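Can you build the whole structure from these sequences, using the hints too?
Chains as they are written, first to last, in my numbering: chain A, 1 to 154; chain B, 1 to 154; chain C, 1 to 154; chain D, 1 to 154.
Hint data in this document are derived by calculation from the structure and do not stem from the laboratory.
Please read these numbers as outputs of a predicted model, since none were measured by experiment.
Glycine included, every Cβ here is placed at the ideal spot set by N, Cα and C.
Fair warning: there could be bad hints in the mix.
[Said to hold, decoys possible] One-sided excerpt, in silico: chain B residues whose CB lies under 8 Å from chain C:
1) 37
2) 95
3) 97
4) 112
5) 116
6) 120
7) 138
8) 142
[Stated by the list, open to error] Computed far set for chain D versus chain A, every beta-carbon distance over 12 Å:
9) 29
10) 40
11) 98
12) 113
13) 148
14) 152
Protein chains: 4
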Amino acid sequence: MGRSLSHEPRDPAFDARVRASFGRQPLMATLGATITHVAAGEVDIALPFDARFTQQHGFLHAGIVTSAVDTACGYAALTLMEPGAAVLSVEFKLNMLAPASGTHFRATGRVLRAGRTITVCAGELFAIDDQLETSVAVMQATIMTVRDRPALVD
Amino acid sequence: MGRSLSHEPRDPAFDARVRASFGRQPLMATLGATITHVAAGEVDIALPFDARFTQQHGFLHAGIVTSAVDTACGYAALTLMEPGAAVLSVEFKLNMLAPASGTHFRATGRVLRAGRTITVCAGELFAIDDQLETSVAVMQATIMTVRDRPALVD
Amino acid sequence: MGRSLSHEPRDPAFDARVRASFGRQPLMATLGATITHVAAGEVDIALPFDARFTQQHGFLHAGIVTSAVDTACGYAALTLMEPGAAVLSVEFKLNMLAPASGTHFRATGRVLRAGRTITVCAGELFAIDDQLETSVAVMQATIMTVRDRPALVD
Amino acid sequence: MGRSLSHEPRDPAFDARVRASFGRQPLMATLGATITHVAAGEVDIALPFDARFTQQHGFLHAGIVTSAVDTACGYAALTLMEPGAAVLSVEFKLNMLAPASGTHFRATGRVLRAGRTITVCAGELFAIDDQLETSVAVMQATIMTVRDRPALVD
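Structure, rendered in structure tokens:
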């Protein structure tokens, strides 16, 4: 929709910082998720299908879809935060568009607007089957920049 | 808020049906979740803390919080559906109120209004520590009744 | 759901302050809305039916429902803010439960959790017909406390 | 994000149908809103600034922003519905990105996925000042196709 995504990062080392924080998320390791793309205001995550994380119809559970997309949104927001800050999910809304069925998935997080305190992101999950990508879910998320809490740094 | 929760179930065997469908959710077993309360329009789920499902600050990941609350909401909706129907999450919105920190958690799903096609539910996650319950997250969810799809029955 | 609503106001004059800010909202006057209840963490608004604000089926437009409930949520949050702060709607999600049909309406806003920066509220719209109240819509809203902006005070 | 928007309309007369239903919305006339673009899966609405519809800081009220964007989303969904059906807003979520300040506004609704019963739309409001467009709000909305209700046709 012609949105300019010219977000200026306030931390030149944002790429390493995002990957390091992602590496400290036990859930991502448990899910076998990896971070595949980091740019200013953008993060992608890859996720394999795993029957342990499915719901009763054999599809990836909407909560696992949420785990990947929320993480992508949170780290997309973190790419634009100054050193010393931490990222916090305030809230998100997820619409399922199709069953989360496929051999692999790709979650994307994109910053729509980064304010001093509040960052708004758009997220999406794509199912991948034989190179074909289908959109499975879309998210609209509100992320908060947390400052001055030494115990909470990303 | 004084809402009358006098929902009339259309399936007299709703309790066994909900527990059976819950039992077919691999994710719930993976999380160690159990269903602890089933009534017309109401489902509760118990969840232990497990470091494998945490985010980078050591709290339960918001996507796992979502997994439990979305499941509670979906099955709360299923308690009121006629035999042969299936339950589908259309969308949900979750607000985090506090860090998901505790030794155990309780997720609740309550039907606000059950229509022919659309059911709206309120969900919540409570963290439990030494018998003390703290509200961690609230959800507002839209659930769909799926009919006439023999491959999709709950 | 048994939630303790023992919110402590930081401004002893919160009642007058909320009513004064409400009085500065031209939209509320345009809609003929009045503030009917103010307490710590709680605001109610009354609204008459008016054909000028309806959608194509003759019901109050969902955006007007939103106007009343969002205002109730915002001012419920303001009851707990310190002097000098201003209230800002970050986002909201509204589910329609029934057509907004009736001679009068009552919008409610209740604080679920008031943090230093973020307040989460639950809102609802009731249609009133012959003293009977029907729930028409439910909202989950995120409100922000804005500080140190002299041009923005409520 | 490279989404294919090749939605096939099931009613060849969708353009006239959408404009006629829009013409039956008293709120749109009250707001001075006009429909400026109709295509398969797409609707735009133009809205002037009007002080009667503002909140206490002089900006367009978030509920009025919602009115325009929800209407654009609903009619975007209607462009793809078969004759005889009606459109119903199930729920929406709106994030404010910037104050709704400007001389004119443009609301957009775009179908992300049109299912048999549920259509998911993305909406946005742009403020226009001296030809410059700023994104003010983004919406994610769930719309329902209502059938077999002769009293409810769009």
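Hints and how they fare:
With a least beta-carbon distance of about 13 Å to chain C, the hint placing residue 37 of chain B at the interface is violated under the 8 Å criterion. A cut of 8 Å between beta carbons decides the hint on residue 95 of chain B: the least distance to chain C is about 5 Å, and the hint holds. Interface restraint check: residue 97 of chain B against chain C, minimum CB-CB distance 4 Å, threshold 8 Å, status holds. The criterion of a C-beta within 8 Å of any C-beta in chain C is met by residue 112 of chain B, whose closest approach is roughly 6 Å, and the hint holds.
The restraint placing residue 116 of chain B at the interface with chain C is violated, with a minimum CB-CB distance near 13 Å, outside the 8 Å limit. For residue 120 of chain B, the shortest C-beta to C-beta distance to chain C is roughly 5 Å, which falls under 8 Å, so the interface hint holds. A cut of 8 Å between beta carbons decides the hint on residue 138 of chain B: the least distance to chain C is about 6 Å, and the hint holds. At about 6 Å, the closest approach between the beta carbon of residue 142 of chain B and any beta carbon in chain C falls short of 8 Å, and the interface hint on this residue holds.
Every CB of chain A is more than 12 Å from the CB of residue 29 of chain D (nearest about 27 Å), matching its label as outside the interface. At roughly 17 Å from the closest C-beta of chain A, the C-beta of residue 40 of chain D stays outside 12 Å, upholding its exclusion from the interface. Under the 12 Å C-beta cut-off, the non-interface status given to residue 98 of chain D relative to chain A is violated; the minimum distance is some 7 Å. A beta-carbon of chain A comes within 12 Å of the beta-carbon of residue 113 of chain D; the shortest separation is about 4 Å.
Distance to chain A confirms residue 148 of chain D as a non-interface residue, since its nearest Cβ pair spans about 25 Å, more than 12 Å. Residue 152 of chain D, annotated as away from the interface, keeps every beta carbon of chain A farther than 12 Å; the closest lies near 24 Å.
Comparing the model with each numbered hint stated earlier shows that hints 1, 5, 11, 12 do not hold.
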